[in-house]
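Add chain B to chain A, keeping to what the hints say.
What follows is each chain in one-letter form.
There are 2 protein chains.
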Amino acid sequence: MRKIYLGLLGFGNVGAGVIKILKSRGSLLRNKIGCDLVLKRICDKNLVSKRDVAVPRELLTTDANQILNDPNIDIVIELIGGIHPAKEFIEEALRKGKYVVTANKALLAEEGKEIFDLVKRHEKSIYFEASVGAGIPIIKALKEGLSADRFRRIFGILNGTTNFILSEMSERRVDFSQALAQAKRYGFAERDARLDIGGIDSLHKLIVLVYLCFGRLVSLNEVFVDGIQRISLLDVGYAEELGYEIKLLSVAERQADELELRVHPTLIPQEHLLAKVRGINNAIYVSTDLAGDLLFFGPGAGRAAAASAVVSDLQEAALDLQAGLFRRRFFATEDKTIKGLRPIDKSRSRYYIRFMVVDKPGVLAAIAGVLAKFDISIASVTQKERKRAKVVPIVMVVHEVRERDLRLAMKRIGTLKVIKEPPVTIRIEQI
Amino acid sequence: MRKIYLGLLGFGNVGAGVIKILKSRGSLLRNKIGCDLVLKRICDKNLVSKRDVAVPRELLTTDANQILNDPNIDIVIELIGGIHPAKEFIEEALRKGKYVVTANKALLAEEGKEIFDLVKRHEKSIYFEASVGAGIPIIKALKEGLSADRFRRIFGILNGTTNFILSEMSERRVDFSQALAQAKRYGFAERDARLDIGGIDSLHKLIVLVYLCFGRLVSLNEVFVDGIQRISLLDVGYAEELGYEIKLLSVAERQADELELRVHPTLIPQEHLLAKVRGINNAIYVSTDLAGDLLFFGPGAGRAAAASAVVSDLQEAALDLQAGLFRRRFFATEDKTIKGLRPIDKSRSRYYIRFMVVDKPGVLAAIAGVLAKFDISIASVTQKERKRAKVVPIVMVVHEVRERDLRLAMKRIGTLKVIKEPPVTIRIEQI
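Chains as they are written, first to last, in our numbering: chain A, 18 to 448; chain B, 18 to 448.
This is chain A alone, in the form it adopts within the complex (with noise of 0.2 Å):
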């Protein structure tokens, strides 16, 4: 039987979960692709941390040349994450004619365009369905599934870390701070969890996703960003009284032949299947013309289920591999009804906003002044009882309008005196 030789880059939490894997179901992967996949080095800094999965020794090295340089080595499979030096390790592994299998989606988001070429100058292939939403097979159906649709929107709850802490802060009534905590005890989050709380690993996915459904790589800075550090149990607590949940969500979205993109919280009707959506779970949501509107659910994190991700795409390219130069190679396709991105400013939507003012007559008229100036119509609004307090909550909804006006209006409105914190803004997705 014909062996297919692995090198792994990154020895860390999901490339031993791999190692387990190819261990444990070697007979049921052969059967499948017809030939065995062997581990032939593995690559970390670090060989000294203890994993709980013993390998012989002499398959480890630190210095990772001694598998892009390594002839028999067929496919090279990159689990370090960030920019540098996977960005370097790639390229060198597809210059020297091997496959890819890699779960980074900062390097395909923030580098994508020159991965992709060398991809393609080389005649290889690049696999990455670890990449967003762990074990949910979201980027093969994309890939493959979908062939003729066209794509209308995708919402994706993308990010792990962030939905457990908000789903932390609506089921047990905890602030921020302490589901954060709370997210690092479990190991959900990262000792330094900005990428996940300012919405930058949800942005990278998105675009990931934007690039299978479009056949568009944008940049980071083209998309709207906001993460949820600003997220209050306050505000947890009355979008639940109002009908709805709180999640971080990656959008694209067709607007006539524009292309709307944008990541942030956002309330979501509490009836819809992506306010279910709890704890470390990812859920993709997309609507095309044909298949109509599909839901992708699973954990988007855990060590298993990012490795049954990278080994389910070390199967694709083993297959592609036996069949040589009749291979499929995949590369997403250019939606040419789409002519460019639409400016966030441009955006329109509904509203909830949390102003905090000073508890005396007058101060409503004030801010309902101003939202009327800039033309913005409000939808309901509740003036929060808090007894003793000085300081009160207004909560609004407001309907649809445009970004850029409601930016000017709560500038405007935060230079009232009444006002005692700049406005809370969370848009509203009527899905």
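Possibly wrong hints are sitting among the right ones.
Any copy, or any two copies together, can satisfy a pair, since identical chains are not distinguished.
[As the list claims (entries may be wrong)] In the BS3-like style, the derived pairs of lysine-lysine whose C-alpha atoms are separated by at most 25 Å in a straight line are:
id, residue 1, residue 2
1, 407, 428
2, 353, 137
3, 353, 40
It should be emphasised that the hints constitute simulated quantities derived from the structure, not laboratory data.
Chain B alone, transformed into the frame defined by chain A:
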């Protein structure tokens, strides 16, 4: 550019949908596949009915042999449905060296062994994404996405018609026959809806999923089936009061080294994602040891959705065709940890039970007495008041019980004089 020739068997609703996509998305597909998909011939026994897509007259024929015997046709698309003559046509196509794309779940479930054997013998491939879940790319996800995963269980809402009926009953408080009539008016139900309502369509699809997940092609008579015809508006209402929705579920569940297969109405906790699947939507909830608990959701019916799935199969078939001898061929891999099927008698579940009883003292004691004899433990009981009625419902939830014991107890209770209708029993699934 290479041309790949298609022959279409069955010019019905979905067939017309496929033709529309091939016409309108030709260049998109060309880009993705690297060849031209050319529809060479369309066969239907009825060429008189009006379709909303124009095709050149010379493509049409009533003689399937014009397709099966045409050596230039590479791929045969079978959209006739049913067992005969679809089976004979597919077999002949395979013998003639053609690839086959089909949406025919009945055929795969009932005659799959012969079909798959023939596929193997002739080294061809058969594609059937449209057979389950219409446009949801569930087949691809199970075939390729979860390569190394071991499946624990599948819960599927696999029939759009019955889910529509149950949703109507729940949302609009109409009874079964009114909901069915409504489904027919909307075109969601066939004139003869017995396959849907009786659970047979759900069973067909379960068999296809079980083949993919466990590598076993089971017979229809190995699976317990119960339809929704017994579900009354009364039960829908009481279930909701208890915190449940009633869904027709297709279940495959690993129990130690046995596999339990069943199709039946089920009470699902309202908070579960599956309980939120409304109307003609389908959902497949899959639990694996690596990827975890996944859900795939989308419209389970509709011409465009089914046609989208057929076209994604055409893409795959065309790519495989181009790879020629080096193509990847899929066969389900048998899960050797499963030794056999678990007889339904041994299956255990909580149950919802409704008795219709004469409203007089001692009735509950009589029922409870029989249950105690069979060691069936009551979790909750409500006697529903109905003014001026001589026969009143008693609604009960019982703790986990063996199917066989429950059946025997119901039989015994059915003989009590105070019982005026056969008791209604519905399983409760605590997912």
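Checked hints:
{"no.": "1", "hint": "407 / 428", "in the structure": "within (22 Å within a copy, 69 Å between copies)"}
{"no.": "2", "hint": "353 / 137", "in the structure": "within (21 Å within a copy, 40 Å between copies)"}
{"no.": "3", "hint": "353 / 40", "in the structure": "between (45 Å within a copy, 17 Å between copies)"}
Comparing the model with each numbered hint stated earlier shows that all of them hold.
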